Amino acid sequence: GQQVMQIPQYQHVQEGEDFTTYCNSSTTLSNIQWYKQRPGGHPVFLIQLVKSGEVKKQKRLTFQFGEAKKNSSLHITATQTTDVGTYFCAGPFVSADKLIFGTGTRLQVFP
Amino acid sequence: DTEVTQTPKHLVMGMTNKKSLKCEQHMGHRAMYWYKQKAKKPPELMFVYSYEKLSINESVPSRFSPECPNSSLLNLHLHALQPEDSALYLCASSQVTVGKLFFGSGTQLSVL
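Protein chains in written order, with the working numbering: chain A, 1067 to 1177; chain B, 13 to 124.
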């Protein structure tokens, strides 16, 4: 079936190191959204990308949407302990009216 | 007000109990959702309401019964649940379907 996979599933980094999570869809997406869920918390919206090849930055976070609108990435520069959590991509397949969440990447940052 | 309020935060129920989860938003959003999330898994869509009408039911068992009394409120009625239904139940809303989701803090449900 249609699915959205993320790699890696889990990553440990030392504080100050960079981190990247990749999101791959089996089908073209209308847009891609990214959410962060802290341990014990709920998902919080980070950003939405709509255009093919779009790149957006939020301070240390850089988001990209692939040219074919089937993949995306989130890159964090110089991680901090506050970046700990699970990062989910989510997107509606073209002509679909529901968001499908990716499998998530859990980030652990050691001081 | 950009909050989605869910009650209760925690719920323990037996398999013969009937309980309800409640969700409220005052952002004027016309789409509201119920998601189920198991530990270390992504949120899994259960139901979508659009303009107070049920638009998507992801083949959820009938022991879960959603209700949207008005544009600000969403309920999930629970009856005869199974232990495997234990999970975090998240309510969300958005201005349009497939738009940016605002999640509530969830109800952690345990079925004994």
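Any given hint might turn out to be false.
Calculated pairs, DSS-like style, for lysine-lysine (alpha carbon to alpha carbon, straight line, at most 25 Å) [claimed, not checked]:
1) A/K1136 with B/K53
2) A/K1125 with B/K34
3) B/K31 with B/K112
4) B/K53 with A/K1164
5) B/K65 with A/K1122
6) A/K1164 with B/K48
7) A/K1164 with B/K112
8) B/K48 with A/K1122
9) A/K1164 with A/K1136
10) A/K1102 with B/K48
11) A/K1136 with B/K65
12) A/K1164 with B/K65
13) A/K1117 with B/K65
14) A/K1102 with B/K65
15) B/K21 with A/K1136
16) A/K1136 with B/K34
Stretch-level coverage of chain B by chain A, calculated; a stretch enters the list once three of its residues show a Cβ under 8 Å from a Cβ in chain A [claimed, not checked]:
17) 28 to 39
18) 47 to 58
19) 80 to 88
Don't read these hints as lab results, they were simulated from the structure. Just so it is clear, the structure is predicted and the values come from calculations on it, not from any experiment. Idealized CB from N, CA, C, for every residue including glycine.
For each hint, the structure was consulted:
A threshold of 25 Å between alpha carbons decides the hint, and for A/K1136 with B/K53 the separation of about 21 Å falls inside it, so the pair holds. For the given pair, A/K1125 sits about 36 Å from B/K34 by alpha-carbon distance, which is inconsistent with the 25 Å threshold. Distance restraint check for B/K31 and B/K112: the Cα-Cα separation of roughly 29 Å exceeds the 25 Å cut-off, and the hinted pair is therefore not satisfied. For the hint pairing B/K53 with A/K1164, the CA-to-CA distance comes to about 18 Å; that is within 25 Å, so the pair holds.
As the CA atoms of B/K65 and A/K1122 are separated by approximately 35 Å, the hinted pair breaks the 25 Å bound. Annotation: proposed proximity of A/K1164 to B/K48 holds, straight-line Cα distance about 15 Å (limit 25 Å). Distance hint between A/K1164 and B/K112 is fulfilled; the C-alpha atoms sit about 11 Å from each other, no more than 25 Å. Taken as a hint, the B/K48 and A/K1122 pair is broken in the structure, with Cα atoms around 30 Å apart against an allowance of 25 Å.
Distance hint between A/K1164 and A/K1136 is fulfilled; the C-alpha atoms sit about 16 Å from each other, no more than 25 Å. The straight-line distance between the Cα atoms of A/K1102 and B/K48 is roughly 16 Å, inside the 25 Å bound, and the hint therefore holds. Of the supplied pair hints, the one linking A/K1136 and B/K65 is violated, its CA atoms being roughly 31 Å apart against a limit of 25 Å. A C-alpha spacing of about 15 Å is found between A/K1164 and B/K65, which places the hinted pair at or below 25 Å, so the restraint holds.
Among the hinted pairs, A/K1117 with B/K65 is inconsistent with the structure: their alpha-carbon atoms are about 31 Å apart, more than 25 Å. Straight-line distance between C-alpha atoms of A/K1102 and B/K65 comes to about 29 Å, which puts the hinted pair past the 25 Å bound. For the suggested pair B/K21 and A/K1136, the alpha carbons sit about 36 Å apart, so the restraint of at most 25 Å is broken. Restraint check for A/K1136 and B/K34: the C-alpha separation of about 35 Å exceeds 25 Å, so the hint is violated.
Check result for the stretch 28 to 39 of chain B against chain A: violated, 0 residues qualifying (beta carbon to beta carbon below 8 Å, three or more required). For the stretch 47 to 58 of chain B, the stated coverage by chain A is satisfied: 6 residues place a CB nearer than 8 Å to a CB of that chain, which reaches the threshold of 3. Counting residues of the stretch 80 to 88 of chain B whose C-beta lies closer than 8 Å to any C-beta of chain A gives 0; at least three are required, and the coverage claim is violated.
In summary, the numbered hints that this structure violates are 2, 3, 5, 8, 11, 13, 14, 15, 16, 17 and 19.
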